[in-house]
Amino acid sequence: MAETGSFLEPAVLARLMALPVHARHAMLGSVSGKHRSPVRGSSLEFAQYRKYVPGDDTRRLDWRTWGRSDRFYIKEFEADTNLRLCLLLDTSGSMGFGVEGATRFDYARKLAGTLGYLAAKQGDAVGLWSMAADRVELPARRGASHLGLVLEQMGGLRPMGGTTLIGALHDVAERIRQRALVIVFSDFFVPPAELKGALQHLRFRRHDVAAFHLLDQQELDFDFERPVRFVDMEGGEPVQADPSLIARNYREAVANYLKEMDELVRTTGLDYHRVITQERYDAVLARFLLGRTPKTGSR
Amino acid sequence: MTFLELSPLYALPLAALPVVIHLIHLYRRKQVRWAAMMFLFTAQQMHKGLSRLHRIAILCLRVLAVFAILCAIARPLAGGWLGLTGGAPDTVLVLLDRSASMEEVHPATGVSKRLAAVRNVSKAIEDAVGRRSKVVLIESGHGKPLLLEHAGAMTDLVETAATDAAADIPGMLQGALDYVTTNKTGRTDVWLVADLQRSAWAQESGRWEALRGAFAALPGVRFHVLTYPQVPEEDLGVRVERVAQRRSGEKAELLLDLRVARRGAGAGAGPLEVPLRLVVNGVATTSKVTIQESELLLQAFPVAVDRSTVRGWGRVELPADAFPANDVFHFVFDEQPVLASVVVSDDEAEAAPLAAALSAPAEPHQKYRCSVLPVKRAAEIAWEQTGLLVWHAPIPAREEAIHAQMKEHLAQGRAILFLPPANPGAAEFAGLSWGAWETLDPPAGPDWWRNDTGLLANTRDGTALAVGGLEVSRLCKIGGAGIPLARLPGGGALLMRAAEQPAYFLATLCGAGSSSFARDGVAMFAMLHRALQEGAGTLGAAQQRIASADALARGGEGWRPADERAVPAGEMVLKAGVLASGKQLVALNRPASEDDFSTVSPAVLKECFAGLNVQILSDAMEEGGSLTSEVWRTFLVAMALALVGEALLCLPPRRAASPLERGAAGAFAVHFSKS
Numbered sequence: 001m002a003e004t005g006s007f008l009e010p011a012v013l014a015r016l017m018a019l020p021v022h023a024r025h026a027m028l029g030s031v032s033g034k035h036r037s038p039v040r041g042s043s044l045e046f047a048q049y050r051k052y053v054p055g056d057d058t059r060r061l062d063w064r065t066w067g068r069s070d071r072f073y074i075k076e077f078e079a080d081t082n083l084r085l086c087l088l089l090d091t092s093g094s095m096g097f098g099v100e101g102a103t104r105f106d107y108a109r110k111l112a113g114t115l116g117y118l119a120a121k122q123g124d125a126v127g128l129w130s131m132a133a134d135r136v137e138l139p140a141r142r143g144a145s146h147l148g149l150v151l152e153q154m155g156g157l158r159p160m161g162g163t164t165l166i167g168a169l170h171d172v173a174e175r176i177r178q179r180a181l182v183i184v185f186s187d188f189f190v191p192p193a194e195l196k197g198a199l200q201h202l203r204f205r206r207h208d209v210a211a212f213h214l215l216d217q218q219e220l221d222f223d224f225e226r227p228v229r230f231v232d233m234e235g236g237e238p239v240q241a242d243p244s245l246i247a248r249n250y251r252e253a254v255a256n257y258l259k260e261m262d263e264l265v266r267t268t269g270l271d272y273h274r275v276i277t278q279e280r281y282d283a284v285l286a287r288f289l290l291g292r293t294p295k296t297g298s299r
Numbered sequence: 300m301t302f303l304e305l306s307p308l309y310a311l312p313l314a315a316l317p318v319v320i321h322l323i324h325l326y327r328r329k330q331v332r333w334a335a336m337m338f339l340f341t342a343q344q345m346h347k348g349l350s351r352l353h354r355i356a357i358l359c360l361r362v363l364a365v366f367a368i369l370c371a372i373a374r375p376l377a378g379g380w381l382g383l384t385g386g387a388p389d390t391v392l393v394l395l396d397r398s399a400s401m402e403e404v405h406p407a408t409g410v411s412k413r414l415a416a417v418r419n420v421s422k423a424i425e426d427a428v429g430r431r432s433k434v435v436l437i438e439s440g441h442g443k444p445l446l447l448e449h450a451g452a453m454t455d456l457v458e459t460a461a462t463d464a465a466a467d468i469p470g471m472l473q474g475a476l477d478y479v480t481t482n483k484t485g486r487t488d489v490w491l492v493a494d495l496q497r498s499a500w501a502q503e504s505g506r507w508e509a510l511r512g513a514f515a516a517l518p519g520v521r522f523h524v525l526t527y528p529q530v531p532e533e534d535l536g537v538r539v540e541r542v543a544q545r546r547s548g549e550k551a552e553l554l555l556d557l558r559v560a561r562r563g564a565g566a567g568a569g570p571l572e573v574p575l576r577l578v579v580n581g582v583a584t585t586s587k588v589t590i591q592e593s594e595l596l597l598q599a600f601p602v603a604v605d606r607s608t609v610r611g612w613g614r615v616e617l618p619a620d621a622f623p624a625n626d627v628f629h630f631v632f633d634e635q636p637v638l639a640s641v642v643v644s645d646d647e648a649e650a651a652p653l654a655a656a657l658s659a660p661a662e663p664h665q666k667y668r669c670s671v672l673p674v675k676r677a678a679e680i681a682w683e684q685t686g687l688l689v690w691h692a693p694i695p696a697r698e699e700a701i702h703a704q705m706k707e708h709l710a711q712g713r714a715i716l717f718l719p720p721a722n723p724g725a726a727e728f729a730g731l732s733w734g735a736w737e738t739l740d741p742p743a744g745p746d747w748w749r750n751d752t753g754l755l756a757n758t759r760d761g762t763a764l765a766v767g768g769l770e771v772s773r774l775c776k777i778g779g780a781g782i783p784l785a786r787l788p789g790g791g792a793l794l795m796r797a798a799e800q801p802a803y804f805l806a807t808l809c810g811a812g813s814s815s816f817a818r819d820g821v822a823m824f825a826m827l828h829r830a831l832q833e834g835a836g837t838l839g840a841a842q843q844r845i846a847s848a849d850a851l852a853r854g855g856e857g858w859r860p861a862d863e864r865a866v867p868a869g870e871m872v873l874k875a876g877v878l879a880s881g882k883q884l885v886a887l888n889r890p891a892s893e894d895d896f897s898t899v900s901p902a903v904l905k906e907c908f909a910g911l912n913v914q915i916l917s918d919a920m921e922e923g924g925s926l927t928s929e930v931w932r933t934f935l936v937a938m939a940l941a942l943v944g945e946a947l948l949c950l951p952p953r954r955a956a957s958p959l960e961r962g963a964a965g966a967f968a969v970h971f972s973k974s
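Here the protein sequences come in this chain order: Z and E. In terms of this note's numbering, the numbers along the first sequence are unbroken and rise by one, the last being 299. In terms of this note's numbering, the numbers along the second sequence are unbroken and rise by one, the last being 974.
Pulled out of the complex, with its shape left as it was, chain Z reads as follows (with noise of 0.2 Å):
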């Protein structure tokens, strides 16, 4: 089991404490948090008037308004909740992919301990679920000590064996019953019309889904001199191959796949992140919770 050290860096959380977790849509959070909440509240900032029906409350009755219109209005106020993070990381044979200690699952690791240390911190909820064949769910809830589970079940993670990504994206979809914001950390190495799918279910239970794409460079560049036995990491049959033969081949394929990904995400409204994990990774994040914040500012 790895320390959580070895994926938070305190330099890093302290950098980017100055940087809340913000969801970009309206959270239905058990306590009050710093979250805009679907359900007219109590709170100080006014939402709206709308029309009084039989049952509602009087004493939220605008008598002002009823003085200058002769018609009852009901005032509401904004509220304000907490958010419910989850993190889904995927922990298929290819998240192994790079050199050892800075893997592919390594780098997502860092950048999901980072999230839930930080959602955490600001009184979030912070859930974990791995995408692979033995599953870790630890549903959303708030306190340290559930961040520190959190943490260490996803220090224990591997990563090893086929990808199951898109039954574990529908799964995660119907098991989250209330909304949250879906981070999703993988490198969605599957077809992107099945991934789509997989999306669009969780968006319509409502969550807000972010989603790290995270790809080596050497994936991209394919640049190997000679021939290759090619080992699939997540146990199919190894591919004998030339790569100065099938080079430009390999990289339109990932042109195509590419393009595709960038199609979904304008249809789905993802809130992608495409990630050559050589980038470093408080830099990504710094990213990430940046153009989350309201251009209002934050409250």
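Worth flagging that the hints you see were computed from the coordinates, not collected in a lab. There's no promise every hint is true.
[Claimed, not checked] Below 20 Å or equal to it, Euclidean Cα-Cα: the simulated EDC-like pairs (lysine to aspartate or glutamate) are:
{"no.": "1", "chain 1": "E", "residue 1": "Lys329", "chain 2": "Z", "residue 2": "Glu234"}
{"no.": "2", "chain 1": "Z", "residue 1": "Lys75", "chain 2": "Z", "residue 2": "Asp62"}
{"no.": "3", "chain 1": "E", "residue 1": "Lys433", "chain 2": "E", "residue 2": "Asp389"}
{"no.": "4", "chain 1": "E", "residue 1": "Lys587", "chain 2": "E", "residue 2": "Asp620"}
{"no.": "5", "chain 1": "E", "residue 1": "Lys706", "chain 2": "E", "residue 2": "Asp849"}
{"no.": "6", "chain 1": "E", "residue 1": "Lys882", "chain 2": "E", "residue 2": "Glu863"}
{"no.": "7", "chain 1": "E", "residue 1": "Lys329", "chain 2": "Z", "residue 2": "Glu225"}
{"no.": "8", "chain 1": "E", "residue 1": "Lys329", "chain 2": "Z", "residue 2": "Glu100"}
{"no.": "9", "chain 1": "E", "residue 1": "Lys882", "chain 2": "E", "residue 2": "Glu634"}
{"no.": "10", "chain 1": "E", "residue 1": "Lys329", "chain 2": "Z", "residue 2": "Asp232"}
{"no.": "11", "chain 1": "E", "residue 1": "Lys329", "chain 2": "Z", "residue 2": "Asp242"}
{"no.": "12", "chain 1": "E", "residue 1": "Lys675", "chain 2": "E", "residue 2": "Glu699"}
{"no.": "13", "chain 1": "E", "residue 1": "Lys329", "chain 2": "Z", "residue 2": "Asp223"}
{"no.": "14", "chain 1": "E", "residue 1": "Lys329", "chain 2": "Z", "residue 2": "Glu237"}
{"no.": "15", "chain 1": "Z", "residue 1": "Lys51", "chain 2": "Z", "residue 2": "Asp62"}
{"no.": "16", "chain 1": "E", "residue 1": "Lys329", "chain 2": "Z", "residue 2": "Asp221"}
{"no.": "17", "chain 1": "Z", "residue 1": "Lys51", "chain 2": "Z", "residue 2": "Asp70"}
Keeping the supplied structure of chain Z fixed, place chain E upon it in accordance with the hints.
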């Protein structure tokens, strides 16, 4: 295909080495754990067929390269040589030059050009086409097609043995053309094997153009010309130009005019003492002579004989060298025949000085006789006893019997001197004809004449004839192509010889009204007696003839070698030697043209076959033969091509831009637009 070196063939399994190495590499390739297999599969799928083809092509080229180098080391013979030209043809025609010049031997191997040619070609054909093709031999001796069981049989045939005759390459090709057209041979390979002797190729002959046209019209005829262009570096040759007998008191001797020629590098290398072996009626004597420069002319060289010996045969021999065919010359002798000549003329004034000159003895021990006949009595000419015919009358038309008799007269080696008639007709003879008379005012004398050979050549002691002092006042132009022997100012021919026969045309008359020939006398006397001497070679019981298929055409039957050597009957006339039949003796020798080593150039050779499907090869006659060399090069070229092809196929493709280099901007644009 066969190979000279068999041991490298045991290494042929090494040709599979590239495949084995490929398989080893396949299983010992660097392993990479890879995640993005979906792209790899897609790329493989897109490139699958082409990739496999590419890999197979590279492997095949590598195997071919190794195979080619092994084959090259094994020195393949002929198969590859022929194999490159296509499959087995229906018929293979072998045209073999077995003239005397083909008997030149390679100093290192001791093998003659002819023998090397026969061996190489028979093996080449045998190896390449086996017995799948009909093999027909046309050799230069008889020129008749001879169907062979297989090409290998050529080496044992008497028809491929050495001869001392000349070759006629256009004639052989004509024979091949006749055979192909008559027998409809289908796809035919014609192998012409010859040296490049100029006289045999006769490139100036008009026959070449006709042959090219005829062969070009035949589909499926390919030529392989195997040439032997070597000439001996140093050579000595001997010829006997005249044989006479002299008796004085108790002493009898043969007088031989001998010409010993020295050719090649040693021609100007200072005096050379040469042992000359003379054999007369089986008795040999040896004399030493010294050649100062390139030629030694021994006139009336005496050889003592028994007084009772009046007829017999003999030969002159030189030590053997690289060209043995011209180291021996045979001769025969008998009582001197009467050197008879006939002047046919209706003009007595013109005929009288001619007859007088021809009756006067040029040699004291020789008998001469000349008769004058008017044209209407020309049928009375005793052709068999006449050495020279002087014809002062219109040229007989082709249909006339006298025309055919004249041709036969020439074919027998006898001479005719044509003088212009008062009314020249349009008829021609031996390619020459008369033109119109013209008067020269003032009279002119020849400004050029051949003084090295021919009727106006210098005397034996080198003194020039007084030809330049002659005056010609009337001239009848000579038409047609011949060999000019004397010219007048302005280029008009005064004396011309037909190309291949002893037929002479004198453009003026000898009488006082036309020229000073009769008045000056000496030039006319020499001219007439030389023509008579040339034509008299076939008179009498002992004759000198040129070895050829028709050398004994009119000589009767029952000929046998006088020296009892064993020669197949059909080959006797083609080999130098002495033949006897009854009282007749004939010495057969090589033609003078075989002593001429001048060759045609490769450019001329190509020109001869211009427009035809031809492959011209040159045999260096080295140990192992040039055929090996040719195939060896072919395999090396194949190997080089295979390696170049392999290198081209292995060139890495131009690197395409990384997908993110192309798509990153778009991807991040999506991200920022969302944010």
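Hint-by-hint comparison with the structure:
{"no.": "1", "hint": "E:Lys329 / Z:Glu234", "result": "19 Å, holds"}
{"no.": "2", "hint": "Z:Lys75 / Z:Asp62", "result": "6 Å, holds"}
{"no.": "3", "hint": "E:Lys433 / E:Asp389", "result": "6 Å, holds"}
{"no.": "4", "hint": "E:Lys587 / E:Asp620", "result": "17 Å, holds"}
{"no.": "5", "hint": "E:Lys706 / E:Asp849", "result": "15 Å, holds"}
{"no.": "6", "hint": "E:Lys882 / E:Glu863", "result": "16 Å, holds"}
{"no.": "7", "hint": "E:Lys329 / Z:Glu225", "result": "11 Å, holds"}
{"no.": "8", "hint": "E:Lys329 / Z:Glu100", "result": "18 Å, holds"}
{"no.": "9", "hint": "E:Lys882 / E:Glu634", "result": "12 Å, holds"}
{"no.": "10", "hint": "E:Lys329 / Z:Asp232", "result": "14 Å, holds"}
{"no.": "11", "hint": "E:Lys329 / Z:Asp242", "result": "11 Å, holds"}
{"no.": "12", "hint": "E:Lys675 / E:Glu699", "result": "13 Å, holds"}
{"no.": "13", "hint": "E:Lys329 / Z:Asp223", "result": "14 Å, holds"}
{"no.": "14", "hint": "E:Lys329 / Z:Glu237", "result": "16 Å, holds"}
{"no.": "15", "hint": "Z:Lys51 / Z:Asp62", "result": "10 Å, holds"}
{"no.": "16", "hint": "E:Lys329 / Z:Asp221", "result": "18 Å, holds"}
{"no.": "17", "hint": "Z:Lys51 / Z:Asp70", "result": "12 Å, holds"}
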